[in-house]
Every structure is written in C-alpha cells, then in structure tokens.
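**Q** Could you build the full structure based on these sequences and the hints that come with them?
Residue numbers (the UniProt record's numbering), protein chains in the order written: chain H, 1 to 291; chain G, 1 to 291; chain C, 1 to 291; chain A, 1 to 291.
The set of hints was computed from the structure by calculation and includes no laboratory data. Model, not experiment: these values are computed from the prediction. Here a beta-carbon is modelled for each residue, glycine too, at the ideal position from N, C-alpha and C. Careful: at least some of the hints might be erroneous.
[Unchecked claim] Now the in silico label distances, taken between C-beta atoms and shown as ranges:
1) C:255 <-> G:237: 47 to 53 angstroms
2) H:125 <-> C:135: 31 to 37 angstroms
3) A:193 <-> C:255: 35 to 41 angstroms
4) A:70 <-> H:71: 23 to 29 angstroms
5) A:73 <-> G:254: 31 to 37 angstroms
6) A:235 <-> G:254: 40 to 46 angstroms
7) H:73 <-> C:210: 21 to 27 angstroms
8) G:181 <-> A:94: 31 to 37 angstroms
9) H:92 <-> A:234: 43 to 49 angstroms
10) H:125 <-> C:95: 42 to 48 angstroms
11) G:7 <-> A:120: 38 to 44 angstroms
[What the hints assert, rightly or not] 25 angstroms max Cα-Cα, derived SDA-like pairs, lysine to any residue:
12) C:215 <-> A:118
13) A:215 <-> C:48
14) A:274 <-> A:251
15) H:163 <-> H:185
16) C:157 <-> C:123
17) A:215 <-> C:136
18) G:274 <-> G:189
19) C:217 <-> A:237
20) G:274 <-> A:217
Protein chains: 4
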Amino acid sequence: MSTPETQTHDIARLIISCPDQPGIVAAVSEVIAEIGGNIISLDQYSTGVEGGRFFQRTVFHLPGLAAARPAVEQAVQTRLADRFSMDFSLTAADQPKRVAIFASKTDHCLLDLLWRHRRGEIPMDIAMVISNHADLAEDVRPFGIPYFHVPIVNGDKAAAEAKHLELLTGNVDMIVLARYMQIISEHFLEQVGAPVINIHHSFLPAFIGAGPYQKAKDRGVKLIGATAHYVTRDLDEGPIIEQDVIRVSHSDDVAQLTRFGADVERAVLSRAVKWHCEDRVIRSGSTTIVF
Amino acid sequence: MSTPETQTHDIARLIISCPDQPGIVAAVSEVIAEIGGNIISLDQYSTGVEGGRFFQRTVFHLPGLAAARPAVEQAVQTRLADRFSMDFSLTAADQPKRVAIFASKTDHCLLDLLWRHRRGEIPMDIAMVISNHADLAEDVRPFGIPYFHVPIVNGDKAAAEAKHLELLTGNVDMIVLARYMQIISEHFLEQVGAPVINIHHSFLPAFIGAGPYQKAKDRGVKLIGATAHYVTRDLDEGPIIEQDVIRVSHSDDVAQLTRFGADVERAVLSRAVKWHCEDRVIRSGSTTIVF
Amino acid sequence: MSTPETQTHDIARLIISCPDQPGIVAAVSEVIAEIGGNIISLDQYSTGVEGGRFFQRTVFHLPGLAAARPAVEQAVQTRLADRFSMDFSLTAADQPKRVAIFASKTDHCLLDLLWRHRRGEIPMDIAMVISNHADLAEDVRPFGIPYFHVPIVNGDKAAAEAKHLELLTGNVDMIVLARYMQIISEHFLEQVGAPVINIHHSFLPAFIGAGPYQKAKDRGVKLIGATAHYVTRDLDEGPIIEQDVIRVSHSDDVAQLTRFGADVERAVLSRAVKWHCEDRVIRSGSTTIVF
Amino acid sequence: MSTPETQTHDIARLIISCPDQPGIVAAVSEVIAEIGGNIISLDQYSTGVEGGRFFQRTVFHLPGLAAARPAVEQAVQTRLADRFSMDFSLTAADQPKRVAIFASKTDHCLLDLLWRHRRGEIPMDIAMVISNHADLAEDVRPFGIPYFHVPIVNGDKAAAEAKHLELLTGNVDMIVLARYMQIISEHFLEQVGAPVINIHHSFLPAFIGAGPYQKAKDRGVKLIGATAHYVTRDLDEGPIIEQDVIRVSHSDDVAQLTRFGADVERAVLSRAVKWHCEDRVIRSGSTTIVF
Numbered sequence: 001m002s003t004p005e006t007q008t009h010d011i012a013r014l015i016i017s018c019p020d021q022p023g024i025v026a027a028v029s030e031v032i033a034e035i036g037g038n039i040i041s042l043d044q045y046s047t048g049v050e051g052g053r054f055f056q057r058t059v060f061h062l063p064g065l066a067a068a069r070p071a072v073e074q075a076v077q078t079r080l081a082d083r084f085s086m087d088f089s090l091t092a093a094d095q096p097k098r099v100a101i102f103a104s105k106t107d108h109c110l111l112d113l114l115w116r117h118r119r120g121e122i123p124m125d126i127a128m129v130i131s132n133h134a135d136l137a138e139d140v141r142p143f144g145i146p147y148f149h150v151p152i153v154n155g156d157k158a159a160a161e162a163k164h165l166e167l168l169t170g171n172v173d174m175i176v177l178a179r180y181m182q183i184i185s186e187h188f189l190e191q192v193g194a195p196v197i198n199i200h201h202s203f204l205p206a207f208i209g210a211g212p213y214q215k216a217k218d219r220g221v222k223l224i225g226a227t228a229h230y231v232t233r234d235l236d237e238g239p240i241i242e243q244d245v246i247r248v249s250h251s252d253d254v255a256q257l258t259r260f261g262a263d264v265e266r267a268v269l270s271r272a273v274k275w276h277c278e279d280r281v282i283r284s285g286s287t288t289i290v291f
Numbered sequence: 001m002s003t004p005e006t007q008t009h010d011i012a013r014l015i016i017s018c019p020d021q022p023g024i025v026a027a028v029s030e031v032i033a034e035i036g037g038n039i040i041s042l043d044q045y046s047t048g049v050e051g052g053r054f055f056q057r058t059v060f061h062l063p064g065l066a067a068a069r070p071a072v073e074q075a076v077q078t079r080l081a082d083r084f085s086m087d088f089s090l091t092a093a094d095q096p097k098r099v100a101i102f103a104s105k106t107d108h109c110l111l112d113l114l115w116r117h118r119r120g121e122i123p124m125d126i127a128m129v130i131s132n133h134a135d136l137a138e139d140v141r142p143f144g145i146p147y148f149h150v151p152i153v154n155g156d157k158a159a160a161e162a163k164h165l166e167l168l169t170g171n172v173d174m175i176v177l178a179r180y181m182q183i184i185s186e187h188f189l190e191q192v193g194a195p196v197i198n199i200h201h202s203f204l205p206a207f208i209g210a211g212p213y214q215k216a217k218d219r220g221v222k223l224i225g226a227t228a229h230y231v232t233r234d235l236d237e238g239p240i241i242e243q244d245v246i247r248v249s250h251s252d253d254v255a256q257l258t259r260f261g262a263d264v265e266r267a268v269l270s271r272a273v274k275w276h277c278e279d280r281v282i283r284s285g286s287t288t289i290v291f
Numbered sequence: 001m002s003t004p005e006t007q008t009h010d011i012a013r014l015i016i017s018c019p020d021q022p023g024i025v026a027a028v029s030e031v032i033a034e035i036g037g038n039i040i041s042l043d044q045y046s047t048g049v050e051g052g053r054f055f056q057r058t059v060f061h062l063p064g065l066a067a068a069r070p071a072v073e074q075a076v077q078t079r080l081a082d083r084f085s086m087d088f089s090l091t092a093a094d095q096p097k098r099v100a101i102f103a104s105k106t107d108h109c110l111l112d113l114l115w116r117h118r119r120g121e122i123p124m125d126i127a128m129v130i131s132n133h134a135d136l137a138e139d140v141r142p143f144g145i146p147y148f149h150v151p152i153v154n155g156d157k158a159a160a161e162a163k164h165l166e167l168l169t170g171n172v173d174m175i176v177l178a179r180y181m182q183i184i185s186e187h188f189l190e191q192v193g194a195p196v197i198n199i200h201h202s203f204l205p206a207f208i209g210a211g212p213y214q215k216a217k218d219r220g221v222k223l224i225g226a227t228a229h230y231v232t233r234d235l236d237e238g239p240i241i242e243q244d245v246i247r248v249s250h251s252d253d254v255a256q257l258t259r260f261g262a263d264v265e266r267a268v269l270s271r272a273v274k275w276h277c278e279d280r281v282i283r284s285g286s287t288t289i290v291f
Numbered sequence: 001m002s003t004p005e006t007q008t009h010d011i012a013r014l015i016i017s018c019p020d021q022p023g024i025v026a027a028v029s030e031v032i033a034e035i036g037g038n039i040i041s042l043d044q045y046s047t048g049v050e051g052g053r054f055f056q057r058t059v060f061h062l063p064g065l066a067a068a069r070p071a072v073e074q075a076v077q078t079r080l081a082d083r084f085s086m087d088f089s090l091t092a093a094d095q096p097k098r099v100a101i102f103a104s105k106t107d108h109c110l111l112d113l114l115w116r117h118r119r120g121e122i123p124m125d126i127a128m129v130i131s132n133h134a135d136l137a138e139d140v141r142p143f144g145i146p147y148f149h150v151p152i153v154n155g156d157k158a159a160a161e162a163k164h165l166e167l168l169t170g171n172v173d174m175i176v177l178a179r180y181m182q183i184i185s186e187h188f189l190e191q192v193g194a195p196v197i198n199i200h201h202s203f204l205p206a207f208i209g210a211g212p213y214q215k216a217k218d219r220g221v222k223l224i225g226a227t228a229h230y231v232t233r234d235l236d237e238g239p240i241i242e243q244d245v246i247r248v249s250h251s252d253d254v255a256q257l258t259r260f261g262a263d264v265e266r267a268v269l270s271r272a273v274k275w276h277c278e279d280r281v282i283r284s285g286s287t288t289i290v291f
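**A** This is the structure in structure tokens:
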C-alpha cells in the first residue's frame with residue numbers, strides 16, 4: 001500500500017477482478033512478459049478460494065507504453081479477460097486523474113489537498129474547485145486553480161447540479177467532496193460518470209448524519225474519528241476507503257473535538273484521494289480492497 | 001490520568017462533585033491542610049462555569065489516616081458537602097477494591113487481568129472468578145483465586161443470578177465482565193450494589209450487539225475497536241470509560257479481526273479496571289470523567 | 001493537557017515552581033480566593049516528596065485582571081514566593097505570545113503554523129517570518145504577516161544574526177524554528193532573551209544531525225519520528241516538549257520517508273507551540289513538564 | 001503483511017532473492033503453474049531497478065506437497081535459481097518452526113508467547129524454555145512445555161552456552177530471547193545454526209544498553225519504545241524486524257515507564273516471532289524486508 005512508484009513514464013497499472021481460480025497470476029505475468037513488460041509490483045487478494053472473487057493490481061514497465069497501449073488492451077482482453085470472465089482497467093501512471101474538489105466554507109480538507117498537490121504528493125491534476133459559497137476563493141487563488149462559485153439560488157439544488165454537470169462533463173475523472181455540506185442527488189451520481197469520494201466527519205457507522213462531534217461528546221467517547229468513502233445513493237453507506245481516529249478526553253468541549261476532528265478529516269481524505277489516484281482502491285460491493 | 005501513586009500507606013482519595021461555583025478548590029485545600037493532610041495530586045473539571053457541575057479528585061497524605069478517617073469524613077461533610085451541596089467519597093489507597101470477574105469461555109480478558117494483578121499493576125483484590133462454564137478453571141487455579149462454576153441450568157438465568165448474588169453480597173466492591181456472554185438483568189444490577197464494568201467487543205456506538213467483527217468485515221472498516229463501559233439497564237448504552245482501536249485491512253478475515261479484537265479488548269478492559277480501582281473514573285449521566 | 005480554555009478575558013495563569021513541601025496547593029488556593037479569583041484549572045507535579053521540586057499551573061478567573069495585576073503579583077511575591085522559595089510567572093490569557101517564525105525553503109511547518117493561527121487554534125500573534133531565503137515570501141503574503149528575508153552573505157552568519165536581533169529585540173516573546181536550516185549561535189541565544197523552539201526531524205535521541213531519513217532507512221527502522229524541543233547551546237540536547245512517530249515499511253524510499261516525516265514534523269511542532277503559548281510547558285533541567 | 005493464511009495443508013512458501021532484472025515474477029509464476037501449484041499470495045520488493053536486489057515471497061497451494069517437495073525444489077533450482085543467481089528457500093506451511101525461548105526472571109514476553117501459541121495465533125512448536133533462573137518454571141508448567149534451568153555457575157558463561165548447544169542442536173529452527181538478560185557470545189551464534197530474535201527494551205538506535213527506561217526518563221522523552229531484531233555479533237545493531245511505541249508523560253516515574261515498556265515489548269516481540277514463523281521476514285544486510 002505504501003510502495004513508492006515515483007517513476008511514472010512508461011509505467012502501466014493493470015487492475016483486474018474475476019471469479020477466483022488457479023492460474024490467474026501466472027497467466028497475467030505471462031501476458032505482461034510476452035508484450036515486453038517488466039512487473040514492478042503486484043498485489044492480489046481473493047475473497048475465498050472456493051467461489052470467491054479475485055482482485056489483482058499489477059504495475060509494470062513497458063517501453064513505448066503510449067504507442068503500445070491499444071495492443072496491450074487487446075492482449076489483456078483476448079488472453080485474460082475473455083478466459084477468466086475478468087473485468088479490467090489499464091491506466092498509464094503518467095496520466096494523472098483529473099479531479100474536481102467540492103467545498104463549502106471550511107477550508108481544512110480543501111487546503112490540505114491543494115497543498116499536497118503542489119508538493120507533488122498526490123498524482124492528480126486539480127481541474128477546478130466548486131463551491132456553493134464564495135468564501136474560499138481567495139485561499140484557492142494562489143494555487144492557480146479555477147474556482148467556480150455555484151450558489152444554490154432559492155433552494156434550487158437541481159439548477160446548481162445542472163451547472164455542476166456542465167462544468168464537470170468530460171473534464172474530470174473523479175470528484176472529491178472536501179467538506180461539501182450539500183447532499184448529492186442520485187441523479188447527479190448517475191449523470192456525472194465519475195467516482196465521488198466524501199469525507200465523513202465521524203467514525204462510520206457511528207454518529208451518522210449531522211452534528212457528529214456533539215453526538216460524540218454526548219456519548220462520552222474517548223476517540224474521535226473520520227471516514228473517507230465512495231458516495232452512493234445510500235447516504236453514509238458507501239464503501240469505506242480509509243478511517244482514522246484521534247484520542248480525546250472528557251475535558252475537550254465540542255469546539256475542541258471539532259478542531260481535532262478537522263486534523264483527522266484532512267489526513268484521512270488526503271490518503272484516500274492519493275490511493276484512489278494511484279489506482280490502489282477497488283470497490284467490491286459495500287467494501288473496498290486497498291492495495 | 002497517568003500519575004503514579006505507588007505509595008499507598010496513609011494516602012486518601014477524596015472524590016467530590018457539586019454545582020460549580022467559585023471557591024471550591026480553595027475550600028477543599030483549606031480543609032485538607034487544616035486536618036494535617038498534604039495534597040499529592042489534584043484534578044478537577046467543570047462542565048461549564050455557568051450552571052455547570054464541578055468534579056474534583058484530590059489525593060492527599062495524612063499520617064494516621066486509618067484512625068483519623070471518621071474525623072476527616074466529618075470535616076468534609078460539615079465544612080464542604082453541606083456548604084456546596086456536594087456528593088463525596090473518601091477512600092484509602094491501601095484498601096484495594098474487592099473485585100469479582102465474570103467470564104465465559106474465552107480467556108484473553110480474564111488472563112490479562114489476573115496477570116496484571118499478580119504483577120501488582122492494578123490495585124485490587126480479586127475475590128473470585130465466576131463463570132457459566134467450567135472451561136477456564138484450570139487457567140485460573142495457578143493464580144490462587146477461587147473459581148465458581150455457576151452454570152445456567154435449563155435456561156434458568158434467574159436461578160444463576162440468585163446464586164451470583166449469594167456469592168457476591170458483602171464480598172465485592174466491583175464486578176468486571178471479562179467477555180461474559182450473558183446479559184445481566186436489571187434486577188441483578190439493582191441488587192448487587194456495586195458498579196459493573198463490561199468490555200464491549202466493538203467501537204461503540206457502532207456494531208452494537210452480537211457478531212461485531214462480522215459486521216465490521218461486512219462494512220469494510222479499516223479500524224477495529226473495543227469499548228469498556230459501565231453496565232446500565234440499557235444494553236450497550238452505559239457510560240464509556242475507555243476505547244481503543246487497531247488498524248486492519250481488507251485481507252483480514254473475521255477470524256483475524258477477532259484475534260486483533262482480542263488484543264484491543266484486553267488492553268482496554270485492563271486500563272478501565274485500573275482507573276476505576278484508582279478512583280479515577282467518575283460517572284456523570286451518560287458519560288464519564290476520567291482523571 | 002487538553003483542557004479547552006477558550007475564554008480568555010480576565011483569565012490569569014500562574015506558573016510556579018519551588019522545593020516541594022506540604023501546604024503549597026492550599027496556600028496558593030487561599031491567596032487566589034482572597035484576591036477574588038476563581039480557580040478554573042489546576043495541575044501540579046512533584047519530582048519527589050522528599051527533596052523534590054514542585055510545579056503547579058493554576059488558571060483562574062479574576063474580574064478586572066488588567067487593573068489588579070500589580071496587586072496580584074505583589075500578593076504572590078509576598079505570600080507565596082518568599083515563603084516557599086518559589087519561582088513564579090503570571091500571565092494574562094488575553095495577551096497572546098508574540099512569535100517570530102524562522103524558516104528556510106521547506107514550507108510544511110511554517111504553513112501549518114500560519115494556517116492554525118488563522119483558524120484561531122493557537123493563542124499567539126505572529127509578529128514576523130524570518131528566512132535566509134526568499135522562496136517562501138509568496139506563500140506567507142496571503143496571511144498578512146511581515147516576511148523578512150535575511151540572507152547569509154558571504155557566509156557571514158554573525159551579520160545575519162545581528163540583523164535578526166535588530167528585528168526581534170523587544171518585539172517577540174518566543175521564536176519558532178520551523179525547519180530553519182541554520183545553526184543558532186550561543187551568542188544569539190544569550191542575546192535574544194526569548195525561548196527558542198525547534199523541530200528536529202527525527203525521534204531524538206536517535207538519528208541526530210543531518211540526513212535523519214537516510215539514516216533511518218539505512219537502519220531499517222519501522223517508525224519515523226519527530227521531536228520538538230527547546231534550543232540550548234548543546235545541539236539536539238534541549239528539553240523535549242513533544243514527540244510523535246508514523247509507521248513506515250521497507251518499501252518506503254528516503255523520499256517517501258521524508259514526506260511522512262513532514263507530516264509528523266508539522267503536527268509535533270504545532271502542538272509544541274500551542275502548549276508553550278498556553279503556558280503549559282515548564283522547563284526543568286534537561287526535561288519538561290507539560291501540563 | 002496481514003494476509004491470513006490459516007489453511008496450511010499442502011501450502012508451500014517460496015522465498016527468493018536475486019539481482020533484479022525483468023521477468024522474475026513471470027518466471028516464478030510459470031514454474032509454479034507448471035508443477036500444478038496455485039498462487040495464493042505474492043509479495044515482492046526491489047531495492048532498485050538498476051543494480052538492485054529483488055525479493056519475493058510466494059505462497060501457493062500444491063496438492064500432495066509432501067511427496068512433491070523434492071521435485072519442486074529441483075524445478076526451482078534448475079529453472080529459476082540457476083538462471084537468476086537466486087537464493088531461495090521452500091517451506092511447508094504445516095511444518096511449524098521449532099522454537100526455543102530463553103528467559104530470565106521477567107515473565108511478560110515469555111507468557112505472551114506461550115499464551116498466543118496456545119491460542120494458535122503463532123504457527124510454531126515451542127520445543128523448550130531455557131532460563132538462567134528457576135523463577136519462571138511454575139508459570140511455564142501449565143503450558144506443558146519443558147523448562148530447562150541452566151544456571152551460570154561461578155560466572156562460567158561458556159559452560160552454560162555449551163549446555164545450551166547440547167539442548168538446542170538439531171532440535172530448534174529459531175531462538176527467541178524473551179528478555180533474556182545475558183549477552184550471547186559470537187561463538188554461540190556461529191554454533192547454533194538458527195536465527196536468534198531479541199526484544200530490545202527501547203526504541204533503537206536510541207537508549208542502547210542497560211537501563212533504557214531510566215535514560216528515557218532523564219531525557220524527558222514523550223514516547224517509550226521497543227524493538228525486535230535479529231541478534232548479530234554487534235550488540236544492539238542487528239536487523240530490525242518490528243518496533244512500536246507508547247505515549248508517556250513527565251508524571252510517569254521509571255517504574256511506570258517500565259510497566260508501559262513491558263506492554264510494548266511483549267506486543268512487538270510476539271509480532272516479530274509470528275512474522276518470522278510465517279516466513280515473512282527476509283534479512284538484507286543491516287535491514288529487513290517484512291512482507
């Protein structure tokens with residue numbers, strides 16, 4: 001999960017999933033070797049030998065990848081996917097994901113992503129920041145990223161989402177909700193055609209919904225958590241990518257819990273986005289595999 | 001919370017709670033000084049200056065404590081409790097709590113407590129181990145603690161609890177449920193007259209009830225937790241004393257989650273019991289103050 | 001250590017240290033009560049009952065503190081300090097520490113401090129940022145803090161330090177070295193008259209000096225750490241305020257260790273600065289007490 | 001690192017290391033497929049593509065492994081080892097490592113290993129416990145493991161080590177020093193022919209040698225650590241397998257630091273022994289790869 005893969009030129013990532021059966025690793029390795037690729041890293045996981053599902057992430061070096069890519073996809077399709085009833089995706093490591101970040105008024109998750117992006121820690125291109133408020137525009141400007149203020153006028157969320165889709169369609173590969181305080185409609189999820197990652201400001205499945213730090217205080221918990229997950233139509237129920245906690249005590253009031261929470265939230269969201277951008281996260285029903 | 005208080009002779013602990021108002025710390029310090037005591041440590045907490053409740057734990061050295069104790073209690077009652085509408089308790093550090101441990105078939109929490117007790121890490125006397133199964137008797141024997149096997153015959157839990165009360169009444173100051181897999185009745189809680197601490201094998205308030213590790217696996221969580229709490233009539237809702245988590249991944253099956261969980265459970269329960277035995281934990285509605 | 005003390009008006013902090021003996025807590029409480037103060041929080045620690053040294057931090061509310069302060073100091077001096085051979089300091093919570101931050105070319109510690117300051121998380125006024133490089137000027141500008149570029153010309157460090165002293169004298173209460181890559185001279189430390197906090201990019205006392213992440217990689221460690229400490233004439237030997245670590249593996253190269261290290265460094269330094277600004281840290285020989 | 005591999009029958013583990021070059025993963029997969037094996041898990045690591053060294057751990061299922069093993073070793077030797085200048089080892093998962101545990105007077109590491117072994121958490125056979133003291137014999141007896149008391153008579157360590165070698169030779173695959181307070185001689189290490197794992201009661205490379213908790217207290221550190229490492233002739237310099245820390249404060253005295261340290265020590269040593277027994281740890285110069 002932590003393998004550095006800093007070199008990106010001519011590096012391909014092949015993500016596969018299929019019913020488990022003997023010989024998959026060997027077959028994949030063989031195909032990669034035959035097309036002239038050299039495996040750099042390989043992770044696999046099976047939900048069970050009998051009747052389970054198999055997942056593999058293979059990173060390999062292939063000179064001239066850009067030109068060879070159609071041939072590679074063809075080889076994977078015919079020699080692997082057809083044979084093993086396999087889903088697959090092939091990405092080039094030097095083609096970063098194009099990302100849109102949604103925010104509202106709080107800055108901690110947004111700024112952490114912008115700052116890590118500037119440092120080169122996350123392999124993504126941030127195409128735009130979208131917010132229902134103007135507040136954070138000044139903070140974003142020094143990073144040179146477009147900031148689109150899309151207010152929700154007269155409570156017309158559908159109009160705002162239509163505007164979002166105009167901005168996003170064809171321009172992004174993923175969407176990050178960096179403490180965006182609006183519920184995403186099912187219609188939007190269907191239309192946008194890109195995965196949406198959210199940071200939930202609590203340790204799911206506990207303290208779902210609004211006011212999690214007040215709820216945590218009322219319950220007297222000793223740890224405050226945050227959860228990054230893919231957004232699905234079932235609010236707070238999407239597959240979990242990453243979670244973490246921080247220790248608190250009875251003497252921390254809700255304001256202090258919220259500050260501690262902000263530190264956990266930005267750390268957890270940044271890790272989740274990084275892993276997604278490195279094609280390390282595979283969705284599997286209500287859970288994820290994180291290689 | 002971590003102050004070592006290894007010396008115990010002539011050491012008293014005064015735990016107070018009352019409506020917050022100015023002058024409480026000074027009044028308590030003054031009374032202790034006047035009776036000849038020397039304050040060793042002092043922790044206090046208020047839920048709010050206006051209309052809040054004040055809690056304080058004061059540890060002090062008083063030569064001849066055993067003889068002076070009635071006079072001390074009298075002084076606290078008349079000079080502090082009456083004046084500040086104060087609840088208080090006074091304990092002598094060299095009088096360890098008398099504890100009964102309930103267990104069923106799993107050994108990890110029970111053995112960790114027995115072992116820490118033998119090392120002198122927890123200031124308690126373990127009066128007895130009670131189990132609805134005979135399985136752990138051999139493990140307990142080398143520690144020289146009585147093991148009472150109280151099976152539940154024909155599902156008659158009331159009979160078993162009556163037997164428990166016979167064993168416990170007058171003999172213990174607290175009860176620890178060390179993975180005791182039976183629900184405690186409200187009647188028992190009322191009759192037993194001693195606080196009951198339970199270890200819940202999940203990160204409350206998530207994954208309540210049975211099978212928490214399976215639930216955690218199904219939900220794809222990345223951290224496994226455990227929670228020690230006081231038992232109240234509302235199952236899984238008692239005031240939380242301590243919690244902790246351990247990092248897991250998609251590749252850990254339920255058996256492995258359960259093993260990791262066991263490590264967290266025994267650590268969390270041991271800390272909670274230790275703190276309770278040191279009079280560090282004060283219940284306050286649905287939460288706790290842990291000094 | 002985590003008590004929120006968000007209200008600051010009319011709040012005083014009294015920090016004392018003296019040879020341990022009975023009656024100190026009571027005497028302090030009595031004086032505070034007599035001058036009309038109400039104790040909000042109180043922490044104390046003794047290095048040993050016999051021949052030890054006693055430390056106490058008392059936070060109290062006193063209406064009209066600004067006007068009453070000379071009288072309070074007088075009372076503490078005559079009623080406490082003289083009697084107990086006590087060192088003491090009295091601060092007003094609404095008078096934030098004036099801070100200068102030194103940086104070089106790396107931004108992570110500096111930006112985390114600026115950002116937390118803007119959010120109101122650390123009770124300080126940042127008077128200036130001083131750097132031997134111009135690189136970070138643009139990053140600092142949006143925060144509205146003066147940035148002084150003091151290059152070291154022809155290796156003349158003494159000249160640079162003289163310039164530093166001009167800028168600092170009378171203007172700051174503390175100095176934070178936020179990855180400032182120059183050694184501070186003993187002369188500077190003597191002249192500046194304010195405590196200097198440094199973030200050391202390793203888990204002291206291991207991996208002292210330059211290149212700690214390469215050293216950690218060579219040694220195969222499984223955790224990367226950072227240490228915030230007061231600067232003394234003995235490099236890397238100053239009293240430790242805070243430390244933390246992050247888990248790494250064999251697969252992390254030095255660049256990745258450095259990135260992980262940056263996350264730990266900024267978290268550790270920010271906590272240390274916050275605690276210092278709240279008068280929670282007391283130096284005691286080569287160590288610290290952190291209330 | 002955490003993949004559960006609970007099924008052990010007909011499961012082989014192939015550990016290889018060789019100069020890195022293209023095609024190794026494919027070649028290994030191909031050989032395993034040809035002999036009828038099905039890869040269950042595969043981890044690899046390279047110290048660098050150019051001139052680096054490659055390491056791989058492959059777990060595979062092979063029906064009839066016990067009978068087929070010579071043929072498998074032959075295939076690996078001729079088809080892989082000769083071609084890639086490869087070192088390799090092949091182990092059967094149902095043949096647990098035979099382990100000797102050395103202890104002195106403190107019980108925490110020893111008991112944690114015995115208890116985890118009894119629970120089936122660590123795939124090892126504990127052949128014997130050897131101690132220079134008789135103190136722990138009673139604690140070991142209930143676990144049904146032979147306890148050999150080998151005192152050091154008149155300071156004659158060589159005689160004791162000769163006795164150790166008599167007991168160990170041919171009987172064990174690894175040796176665990178569970179807080180064994182004697183220095184192991186270079187001669188012993190050469191003669192015993194099995195890896196030796198030690199738990200060092202500090203966070204190496206800090207606080208080497210005796211009295212680490214006193215040293216930590218003197219230095220005012222905020223975290224206490226422990227390190228499990230292979231024993232080499234250079235004391236405290238062997239390759240690190242695992243490390244961990246626990247948070248402490250100024251108020252913890254040396255006795256309390258030692259108790260916290262004991263908790264970290266047993267956790268760290270148990271993980272290191274488990275990983276070694278699962279063939280997850282590969283030594284590489286002064287460091288380790290832990291798959």
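**Q** For the pair supplied as a hint, residue 217 of chain C and residue 237 of chain A, confirm whether the alpha-carbon distance does not exceed 25 angstroms.
**A** Distance of about 14 angstroms is within 25 angstroms: holds.
**Q** If I claimed the Cβ atoms of residue 255 of chain C and residue 237 of chain G lie 47 to 53 angstroms apart, would that claim hold in this structure?
**A** Cβ of residue 255 of chain C to Cβ of residue 237 of chain G: about 48 angstroms, so the range 47 to 53 angstroms holds.
**Q** Within 43 to 49 angstroms or not, the Cβ separation of residue 92 of chain H and residue 234 of chain A?
**A** 46 angstroms, holds
**Q** Taking only the CA atoms, is the gap from residue 215 of chain A to residue 136 of chain C under or equal to 25 angstroms?
**A** 39 angstroms, violated
**Q** Check the following: the C-beta atoms of residue 193 of chain A and residue 255 of chain C are separated by a distance inside 35 to 41 angstroms.
**A** 39 angstroms, holds
**Q** When you take the CB atoms of residue 181 of chain G and residue 94 of chain A, is the distance between them in 31 to 37 angstroms?
**A** Check passed, 32 angstroms falls within 31 to 37 angstroms.
**Q** If you draw a straight line from the CA of residue 157 of chain C to the CA of residue 123 of chain C, is it 25 angstroms or shorter?
**A** 32 angstroms, violated
**Q** Can you tell me whether the CB distance of residue 73 of chain A to residue 254 of chain G sits inside 31 to 37 angstroms?
**A** 35 angstroms, holds
**Q** Take the C-alpha atoms of residue 274 of chain G and residue 189 of chain G, compute the straight-line distance between them, and say whether it is at most 25 angstroms.
**A** 21 angstroms, holds
**Q** Quick one, are residue 274 of chain G and residue 217 of chain A close enough, alpha carbons at most 25 angstroms?
**A** 23 angstroms, holds
**Q** Using the Cβ atoms, figure out if residue 7 of chain G sits within 38 to 44 angstroms of residue 120 of chain A.
**A** Holds - the Cβ-Cβ distance for residue 7 of chain G and residue 120 of chain A, about 42 angstroms, lies within 38 to 44 angstroms.
**Q** Taking 40 to 46 angstroms as the hint, is the beta-carbon distance of residue 235 of chain A and residue 254 of chain G inside that range?
**A** Given a distance of about 42 angstroms, which is inside 40 to 46 angstroms, the answer is holds.
This entry does not satisfy hints 2, 4, 7, 12, 14, 16 and 17, going by the numbered hints stated previously.
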